[in-house]
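Asks: If you read the sequences in order, they're chains A and B. Going by our numbering, the first sequence opens with residue 382, and the numbers climb by one from there. Going by our numbering, the second sequence opens with residue 2, and the numbers climb by one from there.
Keep in mind that the hints are not guaranteed to be accurate.
DSS-like cross-link-like pairs, simulated, lysine-lysine; straight-line CA separation at most 30 Å [stated by the list, open to error]:
(1) K413/A - K258/B
(2) K433/B - K531/A
(3) K303/B - K872/A
(4) K434/A - K433/B
(5) K274/B - K434/A
(6) K274/B - K553/A
(7) K258/B - K434/A
(8) K411/A - K553/A
(9) K258/B - K553/A
Pairwise CB distance ranges, derived in the manner of DEER restraints [as the list claims (entries may be wrong)]:
(10) H800/A - H94/B: 34 to 40 Å
(11) T420/A - H273/B: 35 to 41 Å
(12) G471/A - H94/B: 53 to 59 Å
(13) I119/B - V453/A: 51 to 57 Å
(14) I119/B - T420/A: 51 to 57 Å
(15) R518/B - A426/A: 33 to 39 Å
(16) D123/B - H800/A: 33 to 39 Å
If you want the footprint, here are the derived chain A segments under chain B, 3+ residues with CB under 8 Å [stated by the list, open to error]:
(17) 441-449
(18) 515-521
(19) 525-537
Note that these hints are calculated values from the structure, not bench results. Even for Gly, the Cβ is constructed at its ideal location relative to N, Cα and C.
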Amino acid sequence: MKRSFLAFFVGLLLIVTAGPASARDDKAEKEKALDAPPTGISATAATLAAVLKQHESAIGRHPGLQESRREVWSRNDLGFAGSETLFRRGLDYVSHIQHGPFGEEYGQFEGRRWHKVPNGNVYLMTTTDDESFAMFRVVEDAADPKNDAKLLGEIALPKPAYVVEVRLSGAKHPEWILYDKESGLIVRTEASVAGRRLVAYYEDYRTTNGYTEPWHVRDSVAELGLEDDFMRTALTLGEPVEAGIFAAPAGAFNPGVFDKPGIVAGRVTNETVVVRLTVNGRGLDFELSTGAPVSIIDRDVARELNLPTFGQTIQTKTGAHVGYDTEIPEARVGESVVLHHVALRAVSFNYMADYGTKIVGLLGTDFLQSGVFKIDFVNGRTEVLMENALTDDLLKGAYIVPLTIDDGLPFTSGSIGGHDASNMLIDCRFPVSFIMAPFTDQHPDAVPDSAGKSRRKAVVPFADSATYGRELAVWLSEVPDFRFSTAHFVKLPVVATNDDSPYDHDVDAIVGFDMLWYFDMYLDYANHRMFLKPNAHFSQRFKVMPKT
Amino acid sequence: MRHCLAGIAAACFLAASASEAKSDPSSAPAVSPTTETLDHVLLQAKSARGTLRAEARATLEAWDFRDGEISGTETDLDAGDEYRYDRTYARLHSASGRYKGRSWHQGYSGYTVIEGGIHDRDDRNVAALAEASDGVTHGVALIGEAASPEAFVVKVAPPGGRVEYRFYDKKTFLLVRRERAVYDQRVVTTFEDFRTADGVTRPWHFRVSDGRQYNDEDWTLKSYSANESVDDARLQIPPDARNPVAMPAERVKLPIKIIGDRIIITAEMGGHKVNFQLDSGASGILLDRSVADALKIETFGKSTEATAGVYVAGHAIIPLMTFNGIKVTNVEAETALFQTWADEQTPIAGLLGFDFIAGCVVAIDYESGTAEAIDVERFTPPVGAIELPIQLDDDVPILEARVGEAKGEHFILDTGADRSMLFSDFVAAHPKDTKDQGLGDAITASSPFVSHIWGVGGKIRFHPVQASSLGVGSLSFPRWLFYATEDDGRSFEGEDFDGLLGQDLLRNFTVYLDYHRSRVYLLPNARYRLRWG
Numbered sequence: 382m383k384r385s386f387l388a389f390f391v392g393l394l395l396i397v398t399a400g401p402a403s404a405r406d407d408k409a410e411k412e413k414a415l416d417a418p419p420t421g422i423s424a425t426a427a428t429l430a431a432v433l434k435q436h437e438s439a440i441g442r443h444p445g446l447q448e449s450r451r452e453v454w455s456r457n458d459l460g461f462a463g464s465e466t467l468f469r470r471g472l473d474y475v476s477h478i479q480h481g482p483f484g485e486e487y488g489q490f491e492g493r494r495w496h497k498v499p500n501g502n503v504y505l506m507t508t509t510d511d512e513s514f515a516m517f518r519v520v521e522d523a524a525d526p527k528n529d530a531k532l533l534g535e536i537a538l539p540k541p542a543y544v545v546e547v548r549l550s551g552a553k554h555p556e557w558i559l560y561d562k563e564s565g566l567i568v569r570t571e572a573s574v575a576g577r578r579l580v581a582y583y584e585d586y587r588t589t590n591g592y593t594e595p596w597h598v599r600d601s602v603a604e605l606g607l608e609d610d611f612m613r614t615a616l617t618l619g620e621p622v623e624a625g626i627f628a629a630p631a632g633a634f635n636p637g638v639f640d641k642p643g644i645v646a647g648r649v650t651n652e653t654v655v656v657r658l659t660v661n662g663r664g665l666d667f668e669l670s671t672g673a674p675v676s677i678i679d680r681d682v683a684r685e686l687n688l689p690t691f692g693q694t695i696q697t698k699t700g701a702h703v704g705y706d707t708e709i710p711e712a713r714v715g716e717s718v719v720l721h722h723v724a725l726r727a728v729s730f731n732y733m734a735d736y737g738t739k740i741v742g743l744l745g746t747d748f749l750q751s752g753v754f755k756i757d758f759v760n761g762r763t764e765v766l767m768e769n770a771l772t773d774d775l776l777k778g779a780y781i782v783p784l785t786i787d788d789g790l791p792f793t794s795g796s797i798g799g800h801d802a803s804n805m806l807i808d809c810r811f812p813v814s815f816i817m818a819p820f821t822d823q824h825p826d827a828v829p830d831s832a833g834k835s836r837r838k839a840v841v842p843f844a845d846s847a848t849y850g851r852e853l854a855v856w857l858s859e860v861p862d863f864r865f866s867t868a869h870f871v872k873l874p875v876v877a878t879n880d881d882s883p884y885d886h887d888v889d890a891i892v893g894f895d896m897l898w899y900f901d902m903y904l905d906y907a908n909h910r911m912f913l914k915p916n917a918h919f920s921q922r923f924k925v926m927p928k929t
Numbered sequence: 002m003r004h005c006l007a008g009i010a011a012a013c014f015l016a017a018s019a020s021e022a023k024s025d026p027s028s029a030p031a032v033s034p035t036t037e038t039l040d041h042v043l044l045q046a047k048s049a050r051g052t053l054r055a056e057a058r059a060t061l062e063a064w065d066f067r068d069g070e071i072s073g074t075e076t077d078l079d080a081g082d083e084y085r086y087d088r089t090y091a092r093l094h095s096a097s098g099r100y101k102g103r104s105w106h107q108g109y110s111g112y113t114v115i116e117g118g119i120h121d122r123d124d125r126n127v128a129a130l131a132e133a134s135d136g137v138t139h140g141v142a143l144i145g146e147a148a149s150p151e152a153f154v155v156k157v158a159p160p161g162g163r164v165e166y167r168f169y170d171k172k173t174f175l176l177v178r179r180e181r182a183v184y185d186q187r188v189v190t191t192f193e194d195f196r197t198a199d200g201v202t203r204p205w206h207f208r209v210s211d212g213r214q215y216n217d218e219d220w221t222l223k224s225y226s227a228n229e230s231v232d233d234a235r236l237q238i239p240p241d242a243r244n245p246v247a248m249p250a251e252r253v254k255l256p257i258k259i260i261g262d263r264i265i266i267t268a269e270m271g272g273h274k275v276n277f278q279l280d281s282g283a284s285g286i287l288l289d290r291s292v293a294d295a296l297k298i299e300t301f302g303k304s305t306e307a308t309a310g311v312y313v314a315g316h317a318i319i320p321l322m323t324f325n326g327i328k329v330t331n332v333e334a335e336t337a338l339f340q341t342w343a344d345e346q347t348p349i350a351g352l353l354g355f356d357f358i359a360g361c362v363v364a365i366d367y368e369s370g371t372a373e374a375i376d377v378e379r380f381t382p383p384v385g386a387i388e389l390p391i392q393l394d395d396d397v398p399i400l401e402a403r404v405g406e407a408k409g410e411h412f413i414l415d416t417g418a419d420r421s422m423l424f425s426d427f428v429a430a431h432p433k434d435t436k437d438q439g440l441g442d443a444i445t446a447s448s449p450f451v452s453h454i455w456g457v458g459g460k461i462r463f464h465p466v467q468a469s470s471l472g473v474g475s476l477s478f479p480r481w482l483f484y485a486t487e488d489d490g491r492s493f494e495g496e497d498f499d500g501l502l503g504q505d506l507l508r509n510f511t512v513y514l515d516y517h518r519s520r521v522y523l524l525p526n527a528r529y530r531l532r533w534g
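Throw the hints in and build the complete structure from the sequences for me.
Replies: So, in structure tokens, the structure goes:
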């Protein structure tokens, strides 16, 4: 989970800053404040070149990555106290991050990256690991000729320091770097991040192998009352590297497994697959998502259930909500299955799936690895199967869909209009399927507008256009040829858009509820596969063509 | 066409992306052992080809060709070491030649470029083969016999050359097939319809394929003659056929804005404004195909190009672009999917490279964010500027730079590159000088993930390297941070180039691009003085 401040700061502040229209009055003032240098600067006789030279001498030279390095950090992410052990050599690494009862691991071995989430599942991942290295900074912007740097003067407190203003090429606001006058080491930076001033403090510098770096790093957004704190407590160099230490470990959904077949409490209503969990005797309806990387619970419900916050900051000084990690000590799914210590993220998430069904959480990919599930859209229910029940007879006529689960996101590959689409996300949470940019950008002819227009002509990037790029283009396309895995659709109506996916990962298309609804879905996420068996809806909608 | 635009995106991991299957273009073809010897095969091949009768001074060949979807003609005049080839392709004419030891080319837009001889891999192969015929076999070997075609296969791979396999027919000893490693592709040429005239047996038909869609060529010799005299004037280096850039005044302020050191220039085209990035690393003009379609600019032909990625491009002739009264007429452009953003308000629909820059002197004042076009005939170099000679062999400015103690003669001065780059061959050739001085490792240690940059058609991988110094002309800068491309970015790197000198360097100067005189001038600005005195 993304706990560290920098890791989810941007997303957080986008929520925080989304205020009422009247708040716009303050915007100009806030923007102005972001251009204001630190207070208390007085003139200096030093030059920028001299300050940078002193700093260069002070930090020394990084010794390189050839030697193994084990380091232990204590860390506090938005009030959540924990620790991290990071062992690395070259580009390979493994990190173990512990916050309260939640253990999380990341690693990289020979270019393959993996992530073990708090519920115990292990995923390969192609996106970057934002957590393990949150405390490592290279703050050399002033020395970079790509940026404009200016020595503003010096500041007296808490210790005399030079203040260098740096304007990054293309950046809206400047940043400031404070160099300790005596040592030349950086003691503080101030920068604008998502419209707020982020102040980072660097302390307790120590020199190892000729390279001097801070052992204590602290980030703060004072106006919101948010802080991260990282303190290195141990460092060992040259430790032998055991074979396989960086490789992905085995994983499983630790809270429990479905070891008996049966019907899962819940139903399918209004394009929502509902699973009912019973917590403290209270029935809670969760949405089952085939494409959500983590499970979540509505924060109001979490508080009503008195789920632990472990000291995390759950709202800013200004009252905005901050998501936090929590766990459900015990939850029942139906009568027979009890889950223990289910880790979830508490965020604002609830909606009415129908008149009597309030959805208060999401069960994601981690949960789905607890067994083999069948989603039966015809009868509106979810079943648990044993793995050995997936026989040839049961799956006769089913499409086999191999999955690549990329940090919790299930992808399969296929083609659209004859063009490879290697990133098709399977997510029943989306009521309709989409073909997305970059696919629609790359292959506009493959997704013609059913109204007969060519969409690429509708998004011509003229500089005098008032609308280009500000309006999301969405159109219904009849795709002549749509394949994912072994499934092959001809003349399939599907929604296309020039919008990017909301994920870090490239997404060519999202296979949503409207397409999945035509199948009995057999989800075998533990084995990275899924089976789609045409159901009664399918035969009513599609004509099956003989194989050629 | 070369399109750099190495925009440094936020460092992020290179996700697996759809790309063409890669195979080693240098790998040997399937052969079986042979009892023949190299000497004998080459001797027989030389004999089979024959020798032009002694009294013939020149040959003239007229070819028809089809390049992908477009047909064209080419007339080849060869006179010993000198030649001139004229090619007509659709409505476009180009020419190339060598005269008194100087090679030249004239592109579709009419500029004549004298070449500096940067690309000599093929020449080295020819020389190695000639030496092998004389018994000196540096990098030339008979590797066996191929079954189809039935041929002896000679590998030619001299130092500094390219890997090439030549297939000599087992019966006739004529060259019937050639496989060459060009960039990261294997280019196969098959020869047939051999005819003998004036003592030489030559193919009247050949095909070329690099395996990519739209790139197959088919050539047929329509006529041939040998002449006992040649008009020297036909071989001389021609002046520019025209200058497509018409200046209304000696100096014209260009409609640009500099956003994050990227120079965005706004053209008026067909009643619309279209933003281009002024990109000296682009060997021509690239226009987003949706703009070409919307403006009803005729496009023709298709080819599969590879820069940062593989993409399908077409060709177009832009009838008119204007920039504050500067008229650019009938310039050739490549059209492809190309849409990017300089900022939230500024879409970019193309690259403006050689065909515009060569028609004037472009002066870019990075500090004030302004630029001028100056009439080439009236331009005088600014006082105090550092003068740098350039070569324009590839229609991009190539100059010498020093990295540590290593000298690279083939760096591209690239206004489209956000940061200077070192290419993989240069890094491999100079491990000591490109050894990281600490900053690159520190960056990697703080984020040990392979990063990528965006270029035309896709993205390429790089890692940061801090070199001990960067030198350009009389300038020397300590500890310069480069991005070093991984060796899977061959198409982006091109052949024979050492790297890019990008905006991180250029922003510290007012930059004058004077292609007409093969010069670039760097006039230090306040940024330079503040940082380096």
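Asks: Which of the listed hints are broken here?
Replies: Numbers 2, 5, 7, 11 and 15, in rising order.
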